[in-house]
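Each protein sequence line maps, in turn, to chains U and W.
Using my numbering, you'd call the opening residue of the first sequence number 1 and step up by one each time.
Using my numbering, you'd call the opening residue of the second sequence number 1001 and step up by one each time.
With the Cβ distance kept under 8 Å, some of the chain W side facing chain U (calculated, not the full set):
#	residue
1	Ala-1054
2	Leu-1056
3	Pro-1074
4	Pro-1076
5	Phe-1082
6	Asn-1084
7	Ser-1086
8	Leu-1088
9	Trp-1090
10	Leu-1099
11	Ala-1100
12	Lys-1103
Keep in mind the hints are simulated off the structure, nothing from the lab.
From the three backbone atoms N, C-alpha and C, an ideal C-beta is built for every residue, glycine too.
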Amino acid sequence: MRKKLAMNMPAVKVDLGPIPPPLPAQSTAKVLPLLAPKPTLKSRIAAGSTAIAARVFPPALVIALLLAIWQILCSKAGATLPAPSKVVSDAWGLISDPFFDNGGLDKGLFWHISASLQRVALGYALASIVGVALGALVGQSIWAMRGLDPIFQVLRTVPPLAWLPLSLAAFRNGQPSAIFVIFITAIWPIIINTAVGIRNIPQDYRNVAAVLRLNHLEFFLKIMVPAAAPYIFTGLRIGIGLSWLAIVAAEMLIGGVGIGFFIWDAWNSSHISEIIVALVYVGLVGFVLDRIVAGIASIVTHGTAAN
Amino acid sequence: MPYLKLDHIAKSFVRGSQKTVVLADVTLAVEKGEFVSIIGHSGCGKTTVLNIVAGLVAATTGGAILEEREVSEPGPDRAVVFQNHSLLPWLTVYGNVRLAVDKVFAARKTRAERHVWTMHNLDLVQMAHAKDRRPAEISGGMKQRVGLARALAMEPKVLLLDEPFGALDALTRSYLQDSVMALHEKLGNTVLMITHDVDEAVLLSDRIAMMTNGPAATIGEVLPVPLPRPRKRLELATSPVYLKCRQRMLEFLYERHRFVEAA
Chain U
1 MRKKLAMNMP AVKVDLGPIP PPLPAQSTAK VLPLLAPKPT LKSRIAAGST
51 AIAARVFPPA LVIALLLAIW QILCSKAGAT LPAPSKVVSD AWGLISDPFF
101 DNGGLDKGLF WHISASLQRV ALGYALASIV GVALGALVGQ SIWAMRGLDP
151 IFQVLRTVPP LAWLPLSLAA FRNGQPSAIF VIFITAIWPI IINTAVGIRN
201 IPQDYRNVAA VLRLNHLEFF LKIMVPAAAP YIFTGLRIGI GLSWLAIVAA
251 EMLIGGVGIG FFIWDAWNSS HISEIIVALV YVGLVGFVLD RIVAGIASIV
301 THGTAAN
Chain W
1001 MPYLKLDHIA KSFVRGSQKT VVLADVTLAV EKGEFVSIIG HSGCGKTTVL
1051 NIVAGLVAAT TGGAILEERE VSEPGPDRAV VFQNHSLLPW LTVYGNVRLA
1101 VDKVFAARKT RAERHVWTMH NLDLVQMAHA KDRRPAEISG GMKQRVGLAR
1151 ALAMEPKVLL LDEPFGALDA LTRSYLQDSV MALHEKLGNT VLMITHDVDE
1201 AVLLSDRIAM MTNGPAATIG EVLPVPLPRP RKRLELATSP VYLKCRQRML
1251 EFLYERHRFV EAA
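So that you can see chain U by itself, here it is in the shape it has in the complex (with noise of 0.2 Å):
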């Protein structure tokens, strides 16, 4: 019986024999170059304008729209807003000329928007320098945080022209009235997002600069601040948004050449044209703005964010 299984199955041996040489690569596969066309300045003028169009034309296409059902809506008799065309008709001085200057507050839309950019320029930059600094300070240090942090969490909440009561009383002056209310306005983003970013930058960062021995200016220029650059940016882009809403509202308050004191004579003197207009230009400063912070950032934080 064993010996019968023996048989069946007699012990297996095998013999791989030499290993066979690698195949050669096929190389007597002709390669055939892929004739690409040369793209011509035409081709390339059609495909950027295609791009261009892609980009452009479904905005146009919405704004038309939205100004034709406007113009629909407000052409009714008694309509208590202007359409679109009244509003061309009736404040085309204003929207032709923006650098016309009558004396006093008789001034194109241009002195007054660059009066009230001139106050942002300057609180802005003011909260930029105090809330980084701040930021950094409640970032590092534990008992900064502590210390200042609840403060901070309360004043943020505080809207930003209940400030200006209380500053008109501290200045008795209009314009460092306002600067101050836009200083105070966009420095609570700013302190916030630079503290979180200095929170969270990687402890491996501060191993690197632990072993390298870099002193305290060191690290803060070439670890902290390239670190959290990302989260500054943000709290400065946040900043530069909450600045430019708070101005208006102060101006209207405050008087004077600005294009809040603007929007709001203008609904005193009932030209509601003339408001529409200034809404289109504030809202486009706004967006002006926000592009440039954001450019800023992107030029600024190159690689930061990517780790």
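Chain W: place on chain U using the hints.
Chain W alone, transformed into the frame defined by chain U:
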């Protein structure tokens, strides 16, 4: 007195009334030019040992002594190659190495010399071709090479490698291991490496310190690797000495100090 001495290092964390002993009585001597690995299961406190030598973490008792001076803070004489490369993403490959060179050689080299030294170290790890790329634009293995160049550029007394190839795929890892071996051959650095890879430890080390499991982990056994250098990966695969070393480590790690939690 050895070049680098880990002298009865103990580390414990106190949280409320609970005291956790991580390391107890870790003692190890490393001679100049030696390549010593510390191996152990994950979570046993290997990296804590390295961080204590680096000065990034303070020991509870005991400490590390380098050239007869106690380690009290981090410094470029104990350059670390971190597990996850730790390159600064806003600097180029060149910028990352140059930052270290500028800081360490601020007084000793001119600007031009610092540039040459930076390029020299990038050449050592074959990364000079990518000097203007940012860390996000290069592969994991390349990042680790740059981390190595940055550490080498500090001319450290001891090079500390914290699982430097842990995050890499097997092929890249073996390629980098060969590079590290060649560099050690060429420069004669004193190296302390943390690893959890048995083959890597045998291939690279002169001696291997095997750690017991925590809590209160310590060095259970030090295994000398009497393989002649230069070592060739393929030849070692059949070398009896290599296999014996490997066997000893596997016995230590998987029989006597089996890592229960991982199962």
